[in-house]
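S.K.: Letter by letter, the chains look like this.
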Amino acid sequence: MYDIIIVGAGPSGLTAAIYGRRANKKVLVLEALSYGGQIINTLKIENYPAAPNISGFDFATTLYNQVKDLGTDIKFEKVIEIKDGIEKEVITTKGSYKSKTIILATGCENRKLGIDREEELIGRGVSYCATCDGGFYKDKDVAVVGGGNTALEDALYLCDVANKVYLIHRRDEFRGEEGLVDKLKEKNNIEFVYNSNVTKLNGDDKLSSVIVTDKEGNDKEIMISGLFIAVGKIPENENFRKLINLDDSGYIIAPENCHTNVEGIFVCGDARVKEVRQLVTAASDGAISATEAIRYINERK
Amino acid sequence: MGIVNVKKDNFEDVVLKSKEKVLVDFNADWCGPCRMLRPILDEIASERSNVKIVSINIDDEEDLAMKYGVSSIPCLVLFDGGKEVNRSVGLIPKDAVIEFIGE
Ligand SMILES: Cc1cc2nc3c(=O)[nH]c(=O)nc-3n(C[C@H](O)[C@H](O)[C@H](O)COP(=O)(O)OP(=O)(O)OC[C@H]3O[C@@H](n4cnc5c(N)ncnc54)[C@H](O)[C@@H]3O)c2cc1C
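Residue numbers (this note's numbering), protein chains in the order written: chain A, -5 to 295; chain B, 5 to 107.
By construction, these hints were calculated from the structure, which means they are not laboratory data. Careful, some of the hints might be misleading.
In silico contact screen, one side only, chain B against chain A (beta carbon under 7 Å); selected entries [said to hold, decoys possible]:
(1) K21
(2) M40
(3) P43
(4) Y72
(5) S75
(6) S76
(7) F83
(8) G85
(9) A100
(10) V101
Don't be surprised by glycine CBs; every beta carbon is placed ideally from N, CA and C.
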């Protein structure tokens, strides 16, 4: 029987583990993929207090070792269900575990466009990370889809690498920062494709072009070898919907104290309904959720 | 068996002419998910004897990366009898790598 089971070994879940272990609670972290969560994808973190210029990998590894050294159990198993009760139960692909409290730290993933062949062409022209894969498209023509800061930053980055960059956006105005839009407009190898959605991916074993459809329903083919999809993030909490209140997008509903609708079950990090999804806010939630879980356990002793 | 680095010069001998299956890991130093995948591959390499696992740094071996159409890393390509038989892109957990390699 554990005191706290944490679902997800991203920055928020690992921070919760630190607080739990330092209060001498028995803590298990369950992770489906690898420790670190989304941040392992970034080359350089520039906005985390007192750790300028650290890579995402180093950040994740330092945090992971800190958590291990504190004597946390960590298992690589995906959680598929949680059950409420005086003793709560967490069911994974490999087994089941009992705990007094649960902290959900399941984070987010890249949102997909949801069109045909998207999955199949990942790594064959379709990418969700410009800084990771941009280098493969030196002097080629590429497109970015999206209208937020990530899309704008991706397009800027790609302008310096690729031959030509199309920025495809479903509206005629960007959600992202104006400064970024201005910088983009100064580039001479960018073409803005407004009021359009990507509706088809073409190519045999590799992407060779996309079809975009505009508001009036007109189709246009754009010849590109790389499509960078930056249409936001999406949480994956459907397995918990029976028990836990989610909002329309699938984020777990909880105020700043990280309490879900079920007593003894908490949420932290990007998976929670919130305004700013960053490392600092993930770490902050980790601390709060663990502190609340510890309080819950101690009050029931 | 440990993981060896493969270059253009020895690719044919080590990969294409290999008697056992070869799992080729296309990666780069700057790629976080690749660095996460590496210890998983190290473990499998020490546990399995009927598959050879090799690493190709795509920055040093641009030609090989291009020849095999690698455009996103980490990229695992499985060769059997000199032919590509399976491919997986992105970080996957250990169980999935084992399933990817097969028997
Ligand atoms: C490319 C990129 C660059 C970024 N750069 C910055 C930056 O510079 N500065 C900054 O502050 N923020 C940055 N962020 C945002 C930051 O990474 C996130 O805010 C942070 O990682 C959120 O942490 P988290 O623990 O809540 O969730 P995540 O990091 O998403 O981790 C969630 C973990 O839970 C696991 N999981 C999910 N479901 C289950 C399940 N059912 N069972 C078991 N495990 C499960 C996932 O595999 C994952 O490991 C960046 C994000 C990306 C994608």
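S.K.: Work down the list of hints and note, for each, if the structure agrees.
M.R.: Against the structure, the hints come out as follows:
1. Against a cut-off of 7 Å between C-beta atoms, the interface hint on K21/B is violated, since the closest Cβ of chain A lies about 25 Å away.
2. Of the supplied interface hints, the one on M40/B holds, with its beta-carbon coming within about 4 Å of a beta-carbon of chain A, less than 7 Å.
3. Interface restraint check: P43/B against chain A, minimum CB-CB distance 9 Å, threshold 7 Å, status violated.
4. Proximity of Y72/B to chain A is violated relative to the hint, the smallest CB-CB distance being about 11 Å (cut-off 7 Å).
5. Interface restraint check for S75/B: the shortest CB-CB distance to chain A comes to about 4 Å, inside 7 Å, so the restraint holds.
6. Of the supplied interface hints, the one on S76/B holds, with its beta-carbon coming within about 4 Å of a beta-carbon of chain A, less than 7 Å.
7. The criterion of a C-beta within 7 Å of any C-beta in chain A is not met by F83/B, whose closest approach is roughly 17 Å, and the hint is violated.
8. With a cut of 7 Å, the hint placing G85/B at the interface with chain A is violated, because the nearest CB-to-CB distance is about 20 Å.
9. For A100/B, the suggested interface contact is broken, since its CB lies about 9 Å from the closest CB of chain A, more than 7 Å.
10. About 11 Å separates the beta-carbon of V101/B from the nearest beta-carbon of chain A, more than 7 Å, and the hint is not met.
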